[in-house]
Amino acid sequence: SKLYKDLIKNKKRSFVYLKRRIDPQLKEQIKALEISGIFIEQEYRRYYPAAQITSHVVGFTNIDGKGLEGIELIYDEVLTGKPGHKRVIRNRLGQIITIDENQLQPEPGKDLYLSLDKRIQYLAYTELKQAIKKHNAKSGSLVALDITTGEVLALVNQPGFNPNNISDRKARKYKNRAMTDQFEPGSTMKPFTIMAALQSKRYAPSTMIDTGDGWYMLGHRTIKDTHAYGKIDVSTVLQKSSNVGTAKIAQNLPDELLWDTFSSFGFGEDTGSLFYGETLGKLNKPYRISNIAKATISYGYGMTASAVQLAQAYSTIARQGEKLPVNLLRLDEGPLKLGQTNISSKNIKRVIKMMETVVDTGGTAPNANIPGYRVAGKTGTAKKASKSGGYTEKSYTASFVGFAPVSNPKIVVAVVVDDPKENGFYGGVVAGPVFKKVMSGALRLLNISPDSVKHKTGVEGIPEQINLKLAQKALALH
Numbered sequence: 001s002k003l004y005k006d007l008i009k010n011k012k013r014s015f016v017y018l019k020r021r022i023d024p025q026l027k028e029q030i031k032a033l034e035i036s037g038i039f040i041e042q043e044y045r046r047y048y049p050a051a052q053i054t055s056h057v058v059g060f061t062n063i064d065g066k067g068l069e070g071i072e073l074i075y076d077e078v079l080t081g082k083p084g085h086k087r088v089i090r091n092r093l094g095q096i097i098t099i100d101e102n103q104l105q106p107e108p109g110k111d112l113y114l115s116l117d118k119r120i121q122y123l124a125y126t127e128l129k130q131a132i133k134k135h136n137a138k139s140g141s142l143v144a145l146d147i148t149t150g151e152v153l154a155l156v157n158q159p160g161f162n163p164n165n166i167s168d169r170k171a172r173k174y175k176n177r178a179m180t181d182q183f184e185p186g187s188t189m190k191p192f193t194i195m196a197a198l199q200s201k202r203y204a205p206s207t208m209i210d211t212g213d214g215w216y217m218l219g220h221r222t223i224k225d226t227h228a229y230g231k232i233d234v235s236t237v238l239q240k241s242s243n244v245g246t247a248k249i250a251q252n253l254p255d256e257l258l259w260d261t262f263s264s265f266g267f268g269e270d271t272g273s274l275f276y277g278e279t280l281g282k283l284n285k286p287y288r289i290s291n292i293a294k295a296t297i298s299y300g301y302g303m304t305a306s307a308v309q310l311a312q313a314y315s316t317i318a319r320q321g322e323k324l325p326v327n328l329l330r331l332d333e334g335p336l337k338l339g340q341t342n343i344s345s346k347n348i349k350r351v352i353k354m355m356e357t358v359v360d361t362g363g364t365a366p367n368a369n370i371p372g373y374r375v376a377g378k379t380g381t382a383k384k385a386s387k388s389g390g391y392t393e394k395s396y397t398a399s400f401v402g403f404a405p406v407s408n409p410k411i412v413v414a415v416v417v418d419d420p421k422e423n424g425f426y427g428g429v430v431a432g433p434v435f436k437k438v439m440s441g442a443l444r445l446l447n448i449s450p451d452s453v454k455h456k457t458g459v460e461g462i463p464e465q466i467n468l469k470l471a472q473k474a475l476a477l478h
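Just so we're aligned: 216 in our numbering is position 216 of the sequence shown, and the numbers increase by one with no gaps anywhere.
Because the hints were derived from the structure by calculation, they are not lab data. One or more hints might be untrue.
[To be verified] Heads up, simulated EDC-like pairs for lysine to aspartate or glutamate below, C-alpha to C-alpha not over 20 Å straight-line: (1) K134 with E422; (2) K66 with E107; (3) K170 with E278; (4) K86 with E107; (5) K346 with D233; (6) K201 with E256.
[What the hints assert, rightly or not] Okay, the calculated beta carbon distance ranges per label pair: (7) E41 with Q182: 42 to 48 Å; (8) K224 with Q182: 21 to 27 Å; (9) K118 with L68: 19 to 25 Å; (10) I40 with K118: 34 to 40 Å.
Built from N, CA and C at the ideal position, the CB exists for glycine as well.
Input sequences plus hints: build the corresponding full structure.
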């Protein structure tokens, strides 16, 4: 029998488990049998109250309490503590007769406090899940960072899993895509290209670029725009997300300036989160830079990044070039600073102003506009690589990354949706609305004051939150 084989296999052990984590009814049935040599031992089981909402960050343990994923794995030794030991002398009956005084006392595990704001985390989880369902997408990720500290306010992925349900712990579900998945970020890289262009002093926001009829031959490759914009200035190149305009700008930049700029904002490097399996992305510095490589990387192809890298890089923009590590644990002291980028504060401010136009009417993401707040951001709609080579016209990565309020940046949110199949595939259509709902909710939850009154959302253009306060006062008077 299986029991006999287990006993023979483990004959050097003093006991063998027959079954673990049995239900109370079975326990009582076994006790009633009063079988000699069969004992019941009480065990503790890890329970995760937030379940799916925080599962990709918290992770889970095995049956013996050893961390296997997430924070449970990263800080396993800290959470577990250290066992103690003592030496004793027993008589032939097994009774203890002396105890060595030199005992090693056990050290209990330490408490860890995550940086997550559970309110924002829940909001992010709900909105991302709904978007994945609405667009019939393969997967998605959302990261929200506190710009002032680098702390993670929310980090969610889809598909999700319930760590309390062992059968739900499948690699496809428990993979922390925001940290481990890399993708070509597409047009979300254009702000960094424009910053490099301004830094080169060869371009200004008002410099005119001829994008022609919306296509540009470079060698044997054709670079296309979604529309023909003709002659537009650098600011409009970013607002309209012109591939042709961005590629033409890149052709006139010093050979390695783009790679140096991308690297200085953290692409190709870890974010400092200490998360196991975090991808560095791909930002190879070529020995010889071809014109086509220079053009494609300028609008986010030929390199890869993760959702958390994009969030960190945009947080660095919001901090005017000062880079902070990503922190999954709550900070008790000020954040560690990782240095400054190669772009001047002046040129970063000029690009932030351009990024504000992206969410205005005429930009690629009016759906990401938040009444009462100034928002700066950028869309991305990147074709996915085909298995047969080149890029497919049927599969895309849709993204939006932005921060608010621009006058005093507090929160950055990055949304990435992989392979949306229904109800649109553009970043502004798929990811933009998710950004808007999560960002607007986070701003309210953290009580961050509006910084814009240009959006007429209520009485005489007064922001929505102020209208709410007026309504509350009116009710109080009655």
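For each hint, the structure was consulted:
| no. | hint | result |
| --- | --- | --- |
| 1 | K134 with E422 | 7 Å, holds |
| 2 | K66 with E107 | 16 Å, holds |
| 3 | K170 with E278 | 19 Å, holds |
| 4 | K86 with E107 | 14 Å, holds |
| 5 | K346 with D233 | 19 Å, holds |
| 6 | K201 with E256 | 15 Å, holds |
| 7 | E41 with Q182: 42 to 48 Å | 45 Å, holds |
| 8 | K224 with Q182: 21 to 27 Å | 25 Å, holds |
| 9 | K118 with L68: 19 to 25 Å | 23 Å, holds |
| 10 | I40 with K118: 34 to 40 Å | 37 Å, holds |
Violated hints are absent here; each numbered hint is respected by the structure.
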